[in-house]
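S.K.: Spelled out from the first residue to the last, the chains are:
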Amino acid sequence: MSNNPNNWPLWEIFIQSKRGLEHKHVGSLHAADPQMAIENARDVYTRRQEGNSIWVVLAEHMHASRPEDAESFYDPADDKVYRHPTFYTMPEGAKYI
Amino acid sequence: MTDVKNLEELFQAKIDAEQKIEPKDWMPDAYRKNLIRQISQHAHSEVVGMLPEGNWITRAPSLKRKAILLAKVQDEAGHGLYLYSAVETMGTSREQTIDDLLSGKAKYSSIFNYPTLSWADIGAIGWLVDGAAIMNQVMLCRTSYGPYARAMVRICKEESFHQRQGYEIMAVLAKGSPEQKEMAQDALNRWWWPSLMMFGPTDANSPHSEQSMKWKIKRQSNDELRQTFIDRTVQQAEVIGLSIPDPDLKWNEETQHYDWGEIDWTEFNNVVAGNGPCNKERLAARNKAHNDGAWVREAALAYAAKKAKRKAA
Amino acid sequence: MSSKLLTYTLRLADDILILSQRLGEWCGHGPVLEEDIALTNRALDHLGEARNLLTYAGQVEGKGRSEDDLAYLRMERQYTNVKLVEQPNGDYAHTMVRSFLFDAYHLPLMQALTKSKDEQLAAIAGKSVKEATYHLRASSEWIIRFGDGTEESHQRAQAALEDLWTYTGELFEGDAVLEEMTSAGMAPDIASIKEAWSKTVDQVLAEATLKRPADAFMMTGGRKGLHSEHMGFILAEMQHVTRAYPGVEW
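As they're listed, the protein sequences go chains A, B and C. Just so you know, the first sequence maps onto residues 54 to 150 in our numbering. Just so you know, the second sequence maps onto residues 556 to 868 in our numbering. Just so you know, the third sequence maps onto residues 1002 to 1251 in our numbering.
Hint data in this document are derived by calculation from the structure and do not stem from the laboratory. Nothing here was measured: the structure is a model prediction, and the numbers come from that model. Every residue, glycine too, gets a C-beta built ideally from N, C-alpha and C. Accuracy of the hints is not assured; some may be wrong.
Label-pair distances were calculated between CB atoms; the ranges are [unchecked claim]:
# : chain 1 : residue 1 : chain 2 : residue 2 : range
1 : A       : 132       : B       : 865       : 53 to 59 angstroms
2 : B       : 711       : A       : 69        : 53 to 59 angstroms
3 : B       : 865       : A       : 149       : 23 to 29 angstroms
Calculated pairs, PhoX-like style, for lysine-lysine (alpha carbon to alpha carbon, straight line, at most 25 angstroms) [what the hints assert, rightly or not]:
#  : chain 1 : residue 1 : chain 2 : residue 2
4  : C       : 1131      : C       : 1116
5  : B       : 712       : A       : 71
6  : B       : 575       : A       : 77
7  : C       : 1128      : A       : 71
8  : A       : 71        : C       : 1116
9  : B       : 619       : B       : 771
10 : B       : 864       : C       : 1212
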């Protein structure tokens, strides 16, 4: 990516569609500063009542896991079925559990 | 060498298993190049596409139509923005992509090199041009590159009103005064063939198609999409009493599709080569907007830098 | 009274319609995609308010004129917008300064109008206040960015201020219509709007390091339908299709 200092930096945009829900990544845009990024996000990503709250993060501050780490990161969870509630046998007749 | 071969096999296996490719995944250079080319062309088309319609915003014949058109052209800007962002995930900045447009190096959909000459053209563009675009875009919602597919899902959701508003304009004109109906028919006559050209060369002459299908960037061929578009649009024209300007158009019982005439590929090649009615004007308008905006973009950056410095102090 | 209400409502409508028409010219030509989208939102908000006001004006008049009849079938002399909003877009500084000078008036006006004894005007203003709040915030920020940005942007913003200042007096002109509307509790006292406007302008210009131009000669005439030459071209462009095919639906 060219980091030409004459360009507005890229921001990643997260929108909460309703109070109580999580902020979800919706896309990105360019803006000169955080305030402008929030306002641009309002104009670009909430034109159809999609938004209740906006987070913006400079794209250069985002860090991502590497695809080649996927096996060592996520496969070890495969055999830990005891983390799931359905793993356990409940005595018949027991309620609210 | 075997390593790359292995990677390529793994990559193709992922595609065959309908898994999306994400920005950090390994991908063949040609896949990356092909996508950057296709997505940036698509982005340019959205942005250049604002011009032929935008020039009717100030002239829309009712305030309701003016509001709809403003909202629609604004959506196109948004779509260009989403697509430029998808290109950026592949390591090409928006500035680089736009520079290629402004210098005339990059292509965009040649349909936007045709002029909008009457209000009915706004109807025809929504109905035919957006209609043709949607055929492509619905397919692209399932394209193999994740960021492109996600942008397309958003775009398709927003586009759903674009074709309908265009068809509604045509329907109102077609059942209006004789002059209005004539205006609508004239617009259909002028926009029909260029709309069919939007699907690109025939499959036999499409240089990028086969590989794109294998990589599941595309999932239906140009000819398939074009035929579906024709089958649907002919029926819609009948409903509003307009006629498709193709003497060879005929329903074929056997194939259950319309047979139709011949696209003038000389015209197509000419427009692609820069000799369409408005190629120069479109590029000049984009260049002017870019150049006139330079000091605005600089000022915003300069102020942001000052503000950040003051905050740090 | 209803003729005063009609005149007043049309003034409000014409200001915002013509400004929207001007801003619509930018669509597709903005300095950056994000700003193109933002500016179009602004044009759409203004157009929405204009439509509400024109529809209401038609009802007040009671002759069956629709929003479109009022927008498309009146000539320059019947339009009563201030000259500020018909000024050409110019560079982005002119466009933003024009919007800022208008927004700083529009917001307090709409806020005050929510308390109008005329329920319809109050309701229309109630809807507009939220939009107007955002518009003023956004245009103020641009004025500050320009003023305190680069030397070029500072100069452009100052030049736009000097050019457009002469059109600001008209926003606060009083006349018999306004007096009667105000004493009936249907329109706010224009002096209080001017005070709010002046305060906003001073604050923003100070932060922008821009100089407030001196109150020299102020243009007038718009409220009486005496416009600049630009107005005829604006209407010619806006109305030509509608007028070429009278009485049809679109």
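S.K.: With the threshold set at 25 angstroms, check whether the alpha-carbon distance from residue 712(B) to residue 71(A) stays at or below it.
M.R.: Holds. Residue 712(B) to residue 71(A) sits at ~19 angstroms (cutoff 25 angstroms).
S.K.: Take a quick look at whether residue 71(A) and residue 1116(C) sit within 25 angstroms of each other, Cα to Cα.
M.R.: Given that 25 angstroms is the threshold and the Cα spacing comes to 31 angstroms, the pair is violated.
S.K.: Given the hinted pair residue 1131(C) and residue 1116(C), is their Cα-Cα distance within 25 angstroms?
M.R.: OK: residue 1131(C) and residue 1116(C) at ~15 angstroms, within 25 angstroms.
S.K.: Is the straight-line distance between the alpha-carbon of residue 575(B) and that of residue 77(A) 25 angstroms or less?
M.R.: Distance ~19 angstroms between residue 575(B) and residue 77(A) Cα, so the pair holds.
S.K.: Need the status of pair residue 619(B), residue 771(B): alpha-carbon distance at most 25 angstroms?
M.R.: violated, 41 angstroms
S.K.: Is 53 to 59 angstroms right for how far apart the beta carbons of residue 711(B) and residue 69(A) are?
M.R.: Given a distance of about 23 angstroms, which is not inside 53 to 59 angstroms, the answer is violated.
S.K.: For the pair we were handed, residue 1128(C) and residue 71(A), check the Cα-Cα distance against 25 angstroms.
M.R.: Distance ~22 angstroms between residue 1128(C) and residue 71(A) Cα, so the pair holds.
S.K.: Just to be sure I understand the hint, the distance between the Cβ atoms of residue 132(A) and residue 865(B) should be within 53 to 59 angstroms; is that true here?
M.R.: holds, 55 angstroms
S.K.: Given the hint that residue 864(B) pairs with residue 1212(C), test it: the Cα-Cα distance must not exceed 25 angstroms.
M.R.: holds, 24 angstroms
S.K.: Does the Cβ distance between residue 865(B) and residue 149(A) fall inside 23 to 29 angstroms?
M.R.: Roughly 59 angstroms apart at Cβ, these two residues miss the hinted range, so it is violated.
When the structure is compared with the earlier hints, violations turn up for hints 2, 3, 8, 9 and for no others.
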